[in-house]
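Novice: These are the residues of each chain, in order.
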Amino acid sequence: MAAVERQTLAIVSEQRMRALVIDLSGAASMQESDIGGLVRLCAALRLLGVTPLLAGLSPESALLLSVSDLALPRTVATVQDALAMFQL
Amino acid sequence: MLSKLLDVRTQDTNPLIVRRSRSLAILLLILICISVLLALVLFIARAFPGPIISVVASLLFLVVYLINRSGRLALATTLLLAGLCLLQFNGSLVTGAPIPAIFFSSLVVVIAAAFGSPRAPFLWAVIVSIMPFIINVALYQSIVPPLDPIVLPNSVSIPPVLALELIMIAIYWMLAGVTWLSSSQLDVTIRESNAAAQIARTATDALVAQQVDLASRNEQLIQVRQELEALVAALAVPVVPVADGIGLLPLVGAFDS
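Top to bottom, those sequences are chains A and B. All the letters of the first sequence, read from the start, carry residue numbers 1 to 88 under the working numbering. All the letters of the second sequence, read from the start, carry residue numbers 1 to 257 under the working numbering.
In case anyone wonders, no lab produced these hints; they're calculated from the structure. Idealized CB from N, CA, C, for every residue including glycine. A hint or two may mislead.
[As the list claims (entries may be wrong)] The calculated label-pair distances, taken between Cβ atoms and stated as ranges, are:
id	chain 1	residue 1	chain 2	residue 2	range
1	A	59	B	222	45 to 51 Å
2	A	59	B	214	54 to 60 Å
3	B	232	A	84	32 to 38 Å
4	B	217	A	74	49 to 55 Å
5	A	74	B	213	55 to 61 Å
6	B	238	A	74	19 to 25 Å
7	B	214	A	74	56 to 62 Å
8	B	254	A	13	22 to 28 Å
9	A	74	B	254	23 to 29 Å
10	B	218	A	84	28 to 34 Å
[As the list claims (entries may be wrong)] Only part of the chain A face toward chain B is listed, based on derived beta-carbon distances under 8 Å:
id	residue
11	20
12	24
13	74
14	76
15	83
When you get a sec, could you build the whole thing from the sequences and use the hints?
Specialist: Printed below as a string of structure tokens:
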């Protein structure tokens, strides 16, 4: 996850992105240990001025995130919803 | 000291020629020692003109030794063989009989086999077979020597000179045949060894070429692998731009903390 974080931050910074949709619909169910990394990535994105948006969360992952004390990013049901939000 | 005496300044790089030159040097040193000792023994025994013939033989061997030392093996061998024939002729004239000088001619056939081509013993067998008849002409003014049996001091008679000469000629040809066979076998073995060595050299060259080719291919593969690694690293985080300033990060599979 650390490598994904580093590379994602490098790419969004390099391409001067203002928003990043993180699609979790193809990811396996999250464990408790995975939440920290995902939230840290979202926090770092915010610091770079990029709006993170989580899409495609599974019910198990949503349950895990809901009990977390960490600042959660904005979420949408699907990638289409996310793109619609950006009026695309 | 011995290595200095056997030092031959041959220009030939053929190991067989170098070995033969060294062997001829050893043989000539042995012949010189024997001739000198024989001259001393014959002098003490007052068996004249034996000492003089032995001294002449020693000088011949010394001259041949020096020629061989200068790296001219073929000339030295030819001179040695011709010199031995002349010594036989000279010895017969000095002693007044072809015997025992013709006994030494067997040495000519053996030396020709050792230091010449496989056919050399036959060539020299022809020459030394003619020699007794030339000596007969010189000594008896006839190609055939007297046919009377030789009577020894104890009244025992042995076969006539002609019979002894014919026996010696038979021995020359037997020696020529045997030495030709052994020389031929040795020659075949050397040729086979040379052919095998050539095949081995060719195989080594091919292996070296293959090694160079493999090294080149390995370098190419390393380069391709580096490119693939860079591509895999880039594909590991596929941030897809979906609109101006908006990207999509599809996370697939299990999370790895």
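Novice: Hint by hint, note whether the structure agrees.
Specialist: Structure-based check of all given hints:
1. A/59 <-> B/222: 45 to 51 Å: holds, 47 Å
2. A/59 <-> B/214: 54 to 60 Å: Between residue 59 of chain A and residue 214 of chain B, where Cβ atoms are some 56 Å apart, the hint holds.
3. B/232 <-> A/84: 32 to 38 Å: holds, 33 Å
4. B/217 <-> A/74: 49 to 55 Å: holds, 53 Å
5. A/74 <-> B/213: 55 to 61 Å: Distance hint for residue 74 of chain A, residue 213 of chain B holds at roughly 59 Å.
6. B/238 <-> A/74: 19 to 25 Å: holds, 22 Å
7. B/214 <-> A/74: 56 to 62 Å: holds, 57 Å
8. B/254 <-> A/13: 22 to 28 Å: holds, 27 Å
9. A/74 <-> B/254: 23 to 29 Å: At roughly 24 Å between Cβ atoms, residue 254 of chain B and residue 74 of chain A fall inside 23 to 29 Å, so the hint holds.
10. B/218 <-> A/84: 28 to 34 Å: For residue 218 of chain B and residue 84 of chain A the Cβ distance comes to about 53 Å; the hint is violated.
11. 20: holds, 5 Å
12. 24: holds, 6 Å
13. 74: violated, 14 Å
14. 76: Violated, about 12 Å.
15. 83: Because about 6 Å separates residue 83 of chain A from the closest Cβ in chain B, which is inside the 8 Å limit, the hint holds.
Hint violations for this structure: numbers 10, 13 and 14, all remaining hints satisfied.
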